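Peer 1: If you read the protein sequences in the order shown, they are chains A and B. With my numbering as the guide, the letters of the first sequence map in order to residues 4 to 464. With my numbering as the guide, the letters of the second sequence map in order to residues 3 to 424.
Since the hints were derived computationally from the structure, they do not count as laboratory data.
Simulated DEER-style distance windows between Cβ atoms: (1) B:Asn124 with A:Ile58: 57 to 67 Å; (2) B:Asn124 with A:Gln42: 56 to 66 Å; (3) B:Leu410 with A:Leu73: 55 to 65 Å; (4) B:Asn237 with A:Ala114: 51 to 61 Å; (5) B:Met323 with A:Asn400: 55 to 65 Å; (6) B:Tyr112 with A:His206: 43 to 53 Å; (7) B:Phe233 with A:Gln42: 12 to 22 Å; (8) A:Arg101 with B:Gly149: 44 to 54 Å; (9) A:Ile186 with B:Phe233: 25 to 35 Å; (10) A:Arg101 with B:Lys168: 53 to 63 Å; (11) B:Leu272 with A:Ala114: 22 to 32 Å; (12) B:Glu384 with A:His206: 19 to 29 Å; (13) B:Gln71 with A:Gln127: 53 to 63 Å; (14) A:Gly422 with B:Leu410: 29 to 39 Å.
Computed footprint of chain A on chain B; a stretch qualifies when at least three of its residues, placed anywhere within it, have a C-beta under 8 Å from a C-beta of chain A: (15) 249–256; (16) 287–297; (17) 374–387; (18) 397–407.
Mimicking DSBU-like on lysine-lysine, the simulated pairs with C-alpha atoms at most 35 Å apart in a straight line are: (19) B:Lys422 with A:Lys274; (20) B:Lys13 with A:Lys362; (21) A:Lys274 with B:Lys42; (22) B:Lys422 with A:Lys462; (23) A:Lys362 with A:Lys457; (24) A:Lys457 with B:Lys421; (25) B:Lys13 with A:Lys357; (26) B:Lys133 with B:Lys119; (27) A:Lys194 with A:Lys95; (28) B:Lys42 with A:Lys268; (29) A:Lys458 with A:Lys357; (30) A:Lys357 with A:Lys462; (31) A:Lys458 with B:Lys421; (32) A:Lys301 with B:Lys148; (33) B:Lys89 with B:Lys116; (34) A:Lys362 with B:Lys7; (35) B:Lys131 with B:Lys119; (36) A:Lys268 with B:Lys16; (37) B:Lys236 with A:Lys457; (38) B:Lys89 with B:Lys75; (39) A:Lys268 with B:Lys13; (40) B:Lys5 with A:Lys357.
Small disclaimer: the values here were computed from a predicted structure and weren't measured. No residue lacks a Cβ here, since even glycine has one placed at the ideal position from N, Cα and C.
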Amino acid sequence: MNLILFTFIVLLGFTSYYFGRKKAYTIQSTKKRLTALPQFYGYYLAIWCAIPAFIIFSLWAIFEPTIVKLLILSDYSNQGYLDDELNLLYEKSKALSRGQFTGEITPFIEASAEKYLSLRSIAQSSKVVIVLSAIIASVAYAYKRISSNSRTREPVEKFLNAVLFTASLAAILTTVGIVFSLIFQTIDFFKVIPLFDFVFGTHWYPAKAFVRDSSEALDPTMYSDTFGAVPIFAGTFFIAFIAMCVAIPIGLMSGIYLAEYASTKVRQYAKPLIEILAGIPTVVYGFFAALTVGPFLKELGTSMGLEVSAESALAAGGVMGIMIIPFISSLSDDVITSVPQSLRDGSYAMGATKSETIKRVIFPAALPGIVGSILLGVSRAIGETMIVVMASGLAANLTLNPLESTSTITAQIVVILIGDQAFGDPKTQAAFALGMSLFLVTLCLNIVALRVVKKYREKYE
Amino acid sequence: MNKNKEQLLNKRYKAEQRFRLYGLSAIFMALLFLTIFIFKIFSTGYSAFQKTWLIVPVTFDAELMMLDQNPSKEDLQDADYYDIALKSMADLDPNANEDQENELKRMVSYFFEKEIKNELLNDPNLIGKTKEVYLTASDDLDQVFKGNYPRDLTEDQRRVSDYQLKIFDQLVANGKVESKFNISFFTNADSREAELAGIASSFMGSIFSILVCLMIAFPVAVLAAIYLEEFAPKNRFTDFIEVNINNLAAVPSIVFGLLGLGVLLAIFQLPRSTPLVGGITLSLMTLPTIIIAARASLKAVPPSIREAALAMGASRMQTTMHHTVPLSMPGTLSGTIIGLAQALGETAPLILIGMVAFVNTIPGSPMDPAASLPVQIYIWAESAERGFVEKVSACIMVLLGFLIIMNLFAQIIRHKFEKKWS
Numbered sequence: 004m005n006l007i008l009f010t011f012i013v014l015l016g017f018t019s020y021y022f023g024r025k026k027a028y029t030i031q032s033t034k035k036r037l038t039a040l041p042q043f044y045g046y047y048l049a050i051w052c053a054i055p056a057f058i059i060f061s062l063w064a065i066f067e068p069t070i071v072k073l074l075i076l077s078d079y080s081n082q083g084y085l086d087d088e089l090n091l092l093y094e095k096s097k098a099l100s101r102g103q104f105t106g107e108i109t110p111f112i113e114a115s116a117e118k119y120l121s122l123r124s125i126a127q128s129s130k131v132v133i134v135l136s137a138i139i140a141s142v143a144y145a146y147k148r149i150s151s152n153s154r155t156r157e158p159v160e161k162f163l164n165a166v167l168f169t170a171s172l173a174a175i176l177t178t179v180g181i182v183f184s185l186i187f188q189t190i191d192f193f194k195v196i197p198l199f200d201f202v203f204g205t206h207w208y209p210a211k212a213f214v215r216d217s218s219e220a221l222d223p224t225m226y227s228d229t230f231g232a233v234p235i236f237a238g239t240f241f242i243a244f245i246a247m248c249v250a251i252p253i254g255l256m257s258g259i260y261l262a263e264y265a266s267t268k269v270r271q272y273a274k275p276l277i278e279i280l281a282g283i284p285t286v287v288y289g290f291f292a293a294l295t296v297g298p299f300l301k302e303l304g305t306s307m308g309l310e311v312s313a314e315s316a317l318a319a320g321g322v323m324g325i326m327i328i329p330f331i332s333s334l335s336d337d338v339i340t341s342v343p344q345s346l347r348d349g350s351y352a353m354g355a356t357k358s359e360t361i362k363r364v365i366f367p368a369a370l371p372g373i374v375g376s377i378l379l380g381v382s383r384a385i386g387e388t389m390i391v392v393m394a395s396g397l398a399a400n401l402t403l404n405p406l407e408s409t410s411t412i413t414a415q416i417v418v419i420l421i422g423d424q425a426f427g428d429p430k431t432q433a434a435f436a437l438g439m440s441l442f443l444v445t446l447c448l449n450i451v452a453l454r455v456v457k458k459y460r461e462k463y464e
Numbered sequence: 003m004n005k006n007k008e009q010l011l012n013k014r015y016k017a018e019q020r021f022r023l024y025g026l027s028a029i030f031m032a033l034l035f036l037t038i039f040i041f042k043i044f045s046t047g048y049s050a051f052q053k054t055w056l057i058v059p060v061t062f063d064a065e066l067m068m069l070d071q072n073p074s075k076e077d078l079q080d081a082d083y084y085d086i087a088l089k090s091m092a093d094l095d096p097n098a099n100e101d102q103e104n105e106l107k108r109m110v111s112y113f114f115e116k117e118i119k120n121e122l123l124n125d126p127n128l129i130g131k132t133k134e135v136y137l138t139a140s141d142d143l144d145q146v147f148k149g150n151y152p153r154d155l156t157e158d159q160r161r162v163s164d165y166q167l168k169i170f171d172q173l174v175a176n177g178k179v180e181s182k183f184n185i186s187f188f189t190n191a192d193s194r195e196a197e198l199a200g201i202a203s204s205f206m207g208s209i210f211s212i213l214v215c216l217m218i219a220f221p222v223a224v225l226a227a228i229y230l231e232e233f234a235p236k237n238r239f240t241d242f243i244e245v246n247i248n249n250l251a252a253v254p255s256i257v258f259g260l261l262g263l264g265v266l267l268a269i270f271q272l273p274r275s276t277p278l279v280g281g282i283t284l285s286l287m288t289l290p291t292i293i294i295a296a297r298a299s300l301k302a303v304p305p306s307i308r309e310a311a312l313a314m315g316a317s318r319m320q321t322t323m324h325h326t327v328p329l330s331m332p333g334t335l336s337g338t339i340i341g342l343a344q345a346l347g348e349t350a351p352l353i354l355i356g357m358v359a360f361v362n363t364i365p366g367s368p369m370d371p372a373a374s375l376p377v378q379i380y381i382w383a384e385s386a387e388r389g390f391v392e393k394v395s396a397c398i399m400v401l402l403g404f405l406i407i408m409n410l411f412a413q414i415i416r417h418k419f420e421k422k423w424s
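Modelling step: build the complete structure from the supplied sequences, incorporating the hints.
Peer 2: Okay, structure coming up:
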């Protein structure tokens with residue numbers, strides 16, 4: 004229904020464009036000068052068609068459900084139902100009207116469902132009538148108003164400018180949406196679990212907090228010692244550390260080699276090949292780590308008499324390191340290439356070899372940029388999910404042994420939220436609290452890294 | 003004295019060579035990882051494109067099928083095929099006892115009844131006759147035939163019994179086992195049985211998500227980039243927008259999953275597990291990538307173009323829309339494709355919004371529950387059955403194939419259509 008109406012409005016828009024332009028041509032044919040190109044007259048009318056439609060559509064989307072709900076529930080208003088029961092009643096009749104209701108059908112619900120359907124159809128048809136009449140009225144008004152000396156280009160351009168501006172707000176809206184979706188659940192979580200227990204507790208067993216009915220959820224003592232996030236934070240940084248131990252040496256050295264030593268031909272092929280590593284989906288790395296690297300390390304360890312878990316932190320961290328190599332190598336390659344040639348020439352003139360120049364002159368000069376690229380790599384390692392979910396353990400052990408299994412923030416979020424979630428359950432809220440801490444940590448890293456890189460760029464530009 | 007100097011110089015040259023070698027070996031290591039990786043995926047995955055069939059003689063006995071004389075099309079549809087299906091499997095070994103007959107039945111997929119039915123529906127004249135029918139082998143025998151199953155384990159450690167292996171070997175010796183291209187891998191939806199599982203449902207899920215993502219992210223991102231690059235005044239607010247965009251580009255993807263869960267599902271009540279929600283979540287994630295690419299390519303259009311248009315009397319909006327934006331399109335488009343390729347490989351946010359549900363139907367619209375290719379990889383990788391291992395690798399090959407095609411496409415657009423300003 005909405006789709007048909009929408010198509011119709013779009014068609015109306017095109018027609019009004021056509022009429023506007025035609026009117027402009029008619030004016031032109033009477034040898035009067037136009038103040039704008041004919042198509043602006045068309046755009047002008049089309050905008051007059053789009054604005055009322057948009058306003059009415061959004062008003063309807065916001066108010067229709069609430070009004071329908073009020074009307075239906077007014078039947079029950081003086082029968083002493085609680086709010087929750089009323090809501091349930093409403094949801095039931097809605098489900099029934101869609102034919103998705105599976106429970107017991109009472110006459111009450113059936114009556115409300117019928118009322119719901121009739122109200123919906125009234126609402127839909129009145130929407131169609133109102134939208135169409137509003138469009139026709141506004142377009143007719145605008146059509147009458149345009150004449151040879153009316154301004155049409157300025158309003159059209161102002162409108163476009165407003166559209167462009169609104170689009171640019173999308174990024175802010177996304178950030179607001181992220182904070183918004185995380186913050187309420189997080190606050191609710193900390194109402195049940197003290198912040199201190201979360202940040203300094205050393206036991207993480209969210210499975211223990213499985214709520215069987217809501218009376219249990221109100222008892223905070225059952226959550227003591229279940230949501231201590233220290234093992235998870237430690238695991239996250241530990242795996243990120245292992246990843247960086249792989250990624251920094253390899254990434255940095257290949258960045259240096261590509262920037263300083265490699266011939267154009269080698270560079271031309273090696274650089275995109277290394278960057279393929281960054282384009283491989285992380286779930287593929289996860290599969291690789293779980294199926295190949297984990298068992299391989301286990302076998303290797305057993306042959307050396309070590310006890311290695313099949314889901315060791317080493318396997319997850321190592322594979323994650325491979326994934327991060329290209330981030331570090333490309334960024335440090337860029338940074339090193341942008342060090343001015345004069346610094347190199349100065350060093351060569353003093354008789355330094357190439358490696359001495361790199362180590363003593365270029366590297367210190369490029370250090371801020373390199374640090375920035377490493378920080379971005381760390382932020383990626385901390386936020387990486389699939390490799391850890393698939394290749395590292397899901398039980399949160401507090402350990403610094405790379406051969407044992409540990410868990411991370413991201414893995415725990417997935418473990419908790421996979422399948423059905425009950426909002427309002429501390430376990431679900433815990434996932435959002437973890438998400439919040441992840442967001443904050445990576446935000447800080449990103450801001451610092453981006454600022455360092457930007458400062459560095461400005462220095463040499 | 004001189005000798006000392008020479009020694010020092012030699013040492014320095016050696017250090018130089020060593021350093022160079024470190025760099026070279028770093029690159030070599032990175033490329034080695036890539037090679038191992040691709041080799042591993044291909045070597046485990048290629049066999050999934052073949053499927054093993056058992057050729058079993060089936061007697062279409064009208065009595066066993068409960069059919070009258072001259073059955074109509076409907077009768078054939080409703081006939082009982084289970085008994086003849088069972089009988090034809092049991093007939094593989096005339097001396098089989100009841101347990102062994104059960105084992106014989108499990109040598110083929112549970113789909114075998116339907117395969118026999120299709121055979122008869124295609125040719126109703128078969129009633130009363132015997133024909134050799136191709137039946138899908140069970141996933142374990144499939145793996146045995148491909149040589150991926152260790153046969154030297156003791157019987158209680160494997161899912162295939164010695165008896166099944168014996169019969170299977172007889173069939174192989176008689177040439178009654180055949181390997182053909184696995185079409186069902188591309189046309190079937192997901193299944194709990196490895197031999198029947200296919201990627202069609204997750205593939206459609208991916209396509210729908212990507213389309214939704216494209217339809218939302220591309221217009222918004224391009225408009226935002228135009229505003230920020232061409233019209234925005236330089237003030238605190240636009241700086242704030244810019245910081246926001248750069249940050250969003252580096253926010254972990256799972257956080258976007260939480261956003262989808264907390265806002266799209268919990269507040270807007272959009273349907274769970276659907277490509278619609280997945281696409282919206284992915285579009286928020288790709289937005290910054292496309293904005294950054296579009297801004298870069300707008301910036302690359304030389305100011306002289308704008309000045310020329312303005313000098314001819316065009317307004318700023320006309321200059322932008324008629325000249326700058328079209329010239330920047332190749333760069334923007336290739337950036338968009340790269341952003342979409344990233345979105346196509348994304349798993350974590352989709353898991354959080356419930357696209358991991360087991361879906362055994364092929365979704366027909368973005369509002370139907372679906373999985374996506376990377377999520378399918380995750381689901382299969384978590385399954386214990388051996389038959390899924392090669393499926394995972396094959397699914398990865400399909401996914402990587404798409405990513406390669408998309409990236410090549412982006413390269414081609416960039417090189418073919420982008421104007422070089424010098």
